[in-house]
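Peer 1: Sequence:
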Amino acid sequence: MNQSLSMARLLKKLSAVGLSESYVRRAGLPSWWDDELNEIPSAVLEGSAHIAQRLHLDLSSLLQDDSEARFKALLPTKFKYHSQQASDVPQVSPQLASRVAEIVATSLKTQPFAPVPTAADQVRKDVLMHGSKVDLESLLSYCWQHGIAVVYFNDYPTGNRKITGMIQWQGDRPVILLSHKTTHPAWLAFHLAHELGHLALGHVETGILIDDEINESDDVEETAANRFAVELLVNQYDNCFRGLSIYNNGQLRRKIEEKIEADPTVDACILAFNYGWHAKKIDPQKFGLAQKAVQELGCEESGEAMIHRFLEENLDWENLNDDTIDHLERILGE
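The sequence shown: position 129 = 129 (UniProt numbering), numbered continuously.
The hints are simulated quantities; they were obtained by calculation from the structure and are not laboratory data.
Hints may contain errors.
[Said to hold, decoys possible] Result set (PhoX-like, lysine-lysine): computed pairs, CA atoms no more than 20 Å apart in a straight line:
hint: 1; residue 1: LYS162; residue 2: LYS72
hint: 2; residue 1: LYS255; residue 2: LYS286
hint: 3; residue 1: LYS255; residue 2: LYS280
hint: 4; residue 1: LYS133; residue 2: LYS259
hint: 5; residue 1: LYS259; residue 2: LYS292
hint: 6; residue 1: LYS255; residue 2: LYS292
hint: 7; residue 1: LYS292; residue 2: LYS280
hint: 8; residue 1: LYS162; residue 2: LYS181
hint: 9; residue 1: LYS255; residue 2: LYS133
hint: 10; residue 1: LYS292; residue 2: LYS181
hint: 11; residue 1: LYS12; residue 2: LYS72
hint: 12; residue 1: LYS162; residue 2: LYS78
hint: 13; residue 1: LYS281; residue 2: LYS292
Given the structure is predicted, the values throughout are model-derived calculations rather than measurements.
Taking the hints into account, I'd like the entire structure generated from these sequences.
Peer 2: Structure, rendered in structure tokens:
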């Protein structure tokens, strides 16, 4: 054992790779850790093992004085870029997200993966067989019924560039991880539908696909995933208010109500965001109308809480050890 091992040395080493002391204490160490253990080599060794396991690090690199802290190798990874250059790959967030996806996948009740149809209209029909409209809740239900785990995770160290979404194959099960800071159900519904599009269209059949940012793109696969998501969520109503003069929130609300009356399978807040997405290209202030409409329409549960609820229901709590439960509770914010 390295007799010079101390928590102070370890934290300094981790800080050099973008993992701040406050983050390591919050996300890496188990809940029972006490600072009285900081200078006891045997205790720090155990703490190091927990940190390595939770933060996807190579344990040997933490224990060797002459070695920098190293993350474990990721599975083969496909990055999708938008405003950043390919050389500007986020280093820390994919590692943390990958570990979250891994522990989620290995902690679930048995549910075999059932492939998703490649046609968005067929997925839409399938979703509506079990729900009255296509929204975040019905999409989550559909994913879990198909053995697709979905987790929300946005707890990254300050100063590190985050990712927006990810699909990771863990054995024969795909895990979708969403990370956007906006947690309104309608917003996250589009992100989930986008990742589901990548999966349905065969853009990732092994390893990992990471969306740096979900936005307009000239990437063929990103364009296809966006199209899949829009068709799944709003059916024929994409950009349905094009050419209409909408000057205030009241007008927008009335137009949305008319569309919902014609087709109640479309979520009102998703339709509002769809309008804002298209309208802001001409007038950036129009997105504010969409946001105000969404606020007034309201929602009973945040998208993050909804995703956590489904995940908790599908975790195999009875067969998990205490450390795994402690880690999952951190991920779930409990």
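Peer 1: Compare the distance between the alpha carbons of LYS133 and LYS259 with 20 Å, and conclude whether the hinted pair is satisfied.
Peer 2: The given pair, whose Cα atoms are some 13 Å apart, holds under the 20 Å limit.
Peer 1: Is LYS255 within 20 Å of LYS286, Cα to Cα?
Peer 2: 14 Å, holds
Peer 1: With the threshold set at 20 Å, check whether the alpha-carbon distance from LYS292 to LYS280 stays at or below it.
Peer 2: 14 Å, holds
Peer 1: Given the hint that LYS259 pairs with LYS292, does the C-alpha gap stay at or below 20 Å?
Peer 2: 18 Å, holds
Peer 1: Would you mind confirming whether the straight-line C-alpha gap from LYS292 to LYS181 stays at or under 20 Å?
Peer 2: Status holds; Cα separation ~18 Å.
Peer 1: Between the alpha carbons of LYS281 and LYS292, is the straight-line distance 20 Å or under?
Peer 2: 18 Å, holds
Peer 1: Check whether the Cα positions of LYS255 and LYS292 lie no farther apart than 20 Å.
Peer 2: Satisfied, since the Cα-Cα distance of roughly 14 Å is no more than 20 Å.
Peer 1: For the pair supplied as a hint, LYS162 and LYS72, is the alpha-carbon distance within the 20 Å limit?
Peer 2: 18 Å, holds
Peer 1: Are LYS255 and LYS133 close enough, with their CA atoms no more than 20 Å apart?
Peer 2: OK: LYS255 and LYS133 at ~18 Å, within 20 Å.
Peer 1: Is the straight-line distance between the alpha-carbon of LYS162 and that of LYS78 20 Å or less?
Peer 2: 16 Å, holds
Peer 1: Just to be careful, I want the Cα atoms of LYS162 and LYS181 compared with a cutoff of 20 Å; is the pair within it?
Peer 2: It holds: about 10 Å lies between the C-alpha atoms, which stays within 20 Å.
Peer 1: Is the hinted pair LYS255 and LYS280 satisfied, with a Cα-Cα distance of at most 20 Å?
Peer 2: 17 Å, holds
Violated hints: none; the structure is consistent with every hint.
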